[in-house]
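There are 2 protein chains.
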Amino acid sequence: MTDIKDKSIQIFLDELASKAPTPGGGSAAAIMGAQAAALISMVCNLTLGKPQYADVESQMQTLLEKTETLRFSLTEMIKADIEVFNRLMTTYGLPKDSDEQKNIRSEAIQTVLKEATTVPLQCAQACREIIELGRIAAEKGNVNVISDAGVAVMAGYGALKSAALNVYINVGSIKDKAFANEKLAELEKILSGADATTEEIYQIVKNKL
Amino acid sequence: MTDIKDKSIQIFLDELASKAPTPGGGSAAAIMGAQAAALISMVCNLTLGKPQYADVESQMQTLLEKTETLRFSLTEMIKADIEVFNRLMTTYGLPKDSDEQKNIRSEAIQTVLKEATTVPLQCAQACREIIELGRIAAEKGNVNVISDAGVAVMAGYGALKSAALNVYINVGSIKDKAFANEKLAELEKILSGADATTEEIYQIVKNKL
Chain A
1 MTDIKDKSIQ IFLDELASKA PTPGGGSAAA IMGAQAAALI SMVCNLTLGK
51 PQYADVESQM QTLLEKTETL RFSLTEMIKA DIEVFNRLMT TYGLPKDSDE
101 QKNIRSEAIQ TVLKEATTVP LQCAQACREI IELGRIAAEK GNVNVISDAG
151 VAVMAGYGAL KSAALNVYIN VGSIKDKAFA NEKLAELEKI LSGADATTEE
201 IYQIVKNKL
Chain G
1 MTDIKDKSIQ IFLDELASKA PTPGGGSAAA IMGAQAAALI SMVCNLTLGK
51 PQYADVESQM QTLLEKTETL RFSLTEMIKA DIEVFNRLMT TYGLPKDSDE
101 QKNIRSEAIQ TVLKEATTVP LQCAQACREI IELGRIAAEK GNVNVISDAG
151 VAVMAGYGAL KSAALNVYIN VGSIKDKAFA NEKLAELEKI LSGADATTEE
201 IYQIVKNKL
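Residue numbers (this note's numbering), protein chains in the order written: chain A, 1 to 209; chain G, 1 to 209.
Calculated directly from the structure, the hints in this document are not laboratory data.
Mixed in with the good hints, there may be bad ones.
[Said to hold, decoys possible] Taking lysine to any residue pairs in the SDA-like style, the calculated list, with each CA pair at most 20 Å apart, reads:
hint : chain 1 : residue 1 : chain 2 : residue 2
1    : G       : Lys189    : G       : Gln122
2    : A       : Lys7      : A       : Phe72
3    : G       : Lys19     : A       : Thr62
4    : G       : Lys208    : A       : Ile174
5    : G       : Lys206    : A       : Ile190
6    : G       : Lys19     : A       : Ser58
7    : G       : Lys175    : A       : Leu209
8    : G       : Lys5      : G       : Ala20
9    : A       : Lys175    : A       : Arg105
10   : A       : Lys177    : A       : Glu188
11   : A       : Lys19     : G       : Gln61
12   : G       : Lys7      : A       : Met1
13   : G       : Lys19     : G       : Glu83
14   : A       : Lys19     : G       : Glu139
15   : G       : Lys114    : G       : Phe179
16   : A       : Lys206    : G       : Leu191
[Stated by the list, open to error] Away from chain G, derived, C-beta distances all over 10 Å, residues of chain A:
hint : residue
17   : Thr91
18   : Pro95
19   : Lys102
[What the hints assert, rightly or not] Far from chain A by the CB rule (all over 12 Å, computed), these chain G residues:
hint : residue
20   : Gly93
21   : Asp99
22   : Lys102
23   : Glu107
24   : Val112
25   : Lys114
26   : Thr118
27   : Gln125
28   : Ala178
29   : Asn181
30   : Ile190
31   : Ser192
All residues carry an ideal CB built from backbone N, CA and C; glycine is no exception.
Here chain A stands alone, though its shape is the one from the complex:
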């Protein structure tokens, strides 16, 4: 089985559009997030080594290390979303003829639903970090590619809000309300201030164009 990240963009888009249940919105969100991280890395790579940006050299180096780490994580999440979805489908397919089978099936579903909540929550967390890192790129990166910092922030924002929907959809079916509420609280913390921060960085970029 070809790892999804090794498939061509065209094939990924065809599979996304098809009636096949995966890839879906979770993988799309992870790719948006990975693109966001990659674009900040690009701004760093086109700022590093330039004499006129010598004063931000070490800051850009640190930024690049962070965005490349996040890009790696988000690229792995493209696949993680598919794997957890497939596990969820498998558990829904478990036999439910006897009470014992019903209990086993229900417990298995609940276990996988918790994983299916954790994956998009991690995606949301990574994207929120990317938005903040985008601010550094927008404020201090090579002004010739500053629009790419803006695109990064918008991609990160789109991915964040998308990942949030994938948390909401799974949390709704979780019977362990303490777990569900904890995850929702984590998500709300991640989302807090994201709209305003995104708009603020977008305007910083727009004003430099």
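With the hints as your guide, set chain G onto chain A.
Positioned in the frame of chain A, the structure of chain G alone reads:
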């Protein structure tokens, strides 16, 4: 030369992150837009033929035709952005030793800058349409995959705002102010109401989860 859409996601992301000038934010925006279109297509494909959605069958068929057309256009724009950027770099590299050469170079740059404004403007227009089409998917599509309609709208929104930055950056260097103002007016018309519409559709989706 491999068409960019036939490159793997991993290679695209690596190239996006690198110091190579292309692919950049324009291609990233087009991919986000294409993902948005694909996700609405997926919602349509998972709604069509379902007895409980028989009353929206023909509406979903029309929607699918529109999103697949937009997906095709946006996928082509991944490459178009690179091609126009490369042409721009070629014109900047033209000789400028004599006054005649300077004039030829300047005119060539101005011609390509107009193209470089048109490509992201077309991307923005396509993404604005996708957001509106996302509303139909969110309101009438199979509720089991409704979060994908929400992801589509967020991807379309991220792509729209990204494409806008790519219009602004090129318009700023165009000397033909009538053309520049016309394109900016077109962009403002495309952007008008997009923030509120996106938020509205997002809430429609969120409330169904």
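Hints, verified against the model:
1. G/Lys189 to G/Gln122: Status holds; Cα separation ~13 Å.
2. A/Lys7 to A/Phe72: holds, 16 Å
3. G/Lys19 to A/Thr62: With a Cα-Cα distance of about 16 Å, the restraint between G/Lys19 and A/Thr62 holds, given a limit of 20 Å.
4. G/Lys208 to A/Ile174: Holds, because 16 Å separates the two Cα atoms, which is no more than 20 Å.
5. G/Lys206 to A/Ile190: holds, 17 Å
6. G/Lys19 to A/Ser58: Holds, because 17 Å separates the two Cα atoms, which is no more than 20 Å.
7. G/Lys175 to A/Leu209: holds, 15 Å
8. G/Lys5 to G/Ala20: Holds. G/Lys5 to G/Ala20 sits at ~17 Å (cutoff 20 Å).
9. A/Lys175 to A/Arg105: It holds: about 14 Å lies between the C-alpha atoms, which stays within 20 Å.
10. A/Lys177 to A/Glu188: holds, 16 Å
11. A/Lys19 to G/Gln61: Measuring from Cα to Cα gives roughly 13 Å; hence the hint holds.
12. G/Lys7 to A/Met1: Satisfied, since the Cα-Cα distance of roughly 18 Å is no more than 20 Å.
13. G/Lys19 to G/Glu83: holds, 17 Å
14. A/Lys19 to G/Glu139: holds, 19 Å
15. G/Lys114 to G/Phe179: Cα-Cα ~8 Å, so holds.
16. A/Lys206 to G/Leu191: holds, 14 Å
17. Thr91: Its Cβ never comes within 10 Å of chain G, the nearest being 16 Å, so this holds.
18. Pro95: holds, 22 Å
19. Lys102: holds, 22 Å
20. Gly93: holds, 16 Å
21. Asp99: holds, 27 Å
22. Lys102: holds, 22 Å
23. Glu107: The assertion about G/Glu107 holds, with a minimum of 23 Å to chain A.
24. Val112: holds, 17 Å
25. Lys114: At about 17 Å from chain A, G/Lys114 clears the 12 Å cut-off, so the statement holds.
26. Thr118: holds, 16 Å
27. Gln125: Non-interface label stands for G/Gln125: nearest chain A Cβ at 17 Å, farther than 12 Å.
28. Ala178: holds, 20 Å
29. Asn181: holds, 16 Å
30. Ile190: holds, 15 Å
31. Ser192: holds, 16 Å
The earlier numbered hints are all upheld by this structure, with none contradicted.
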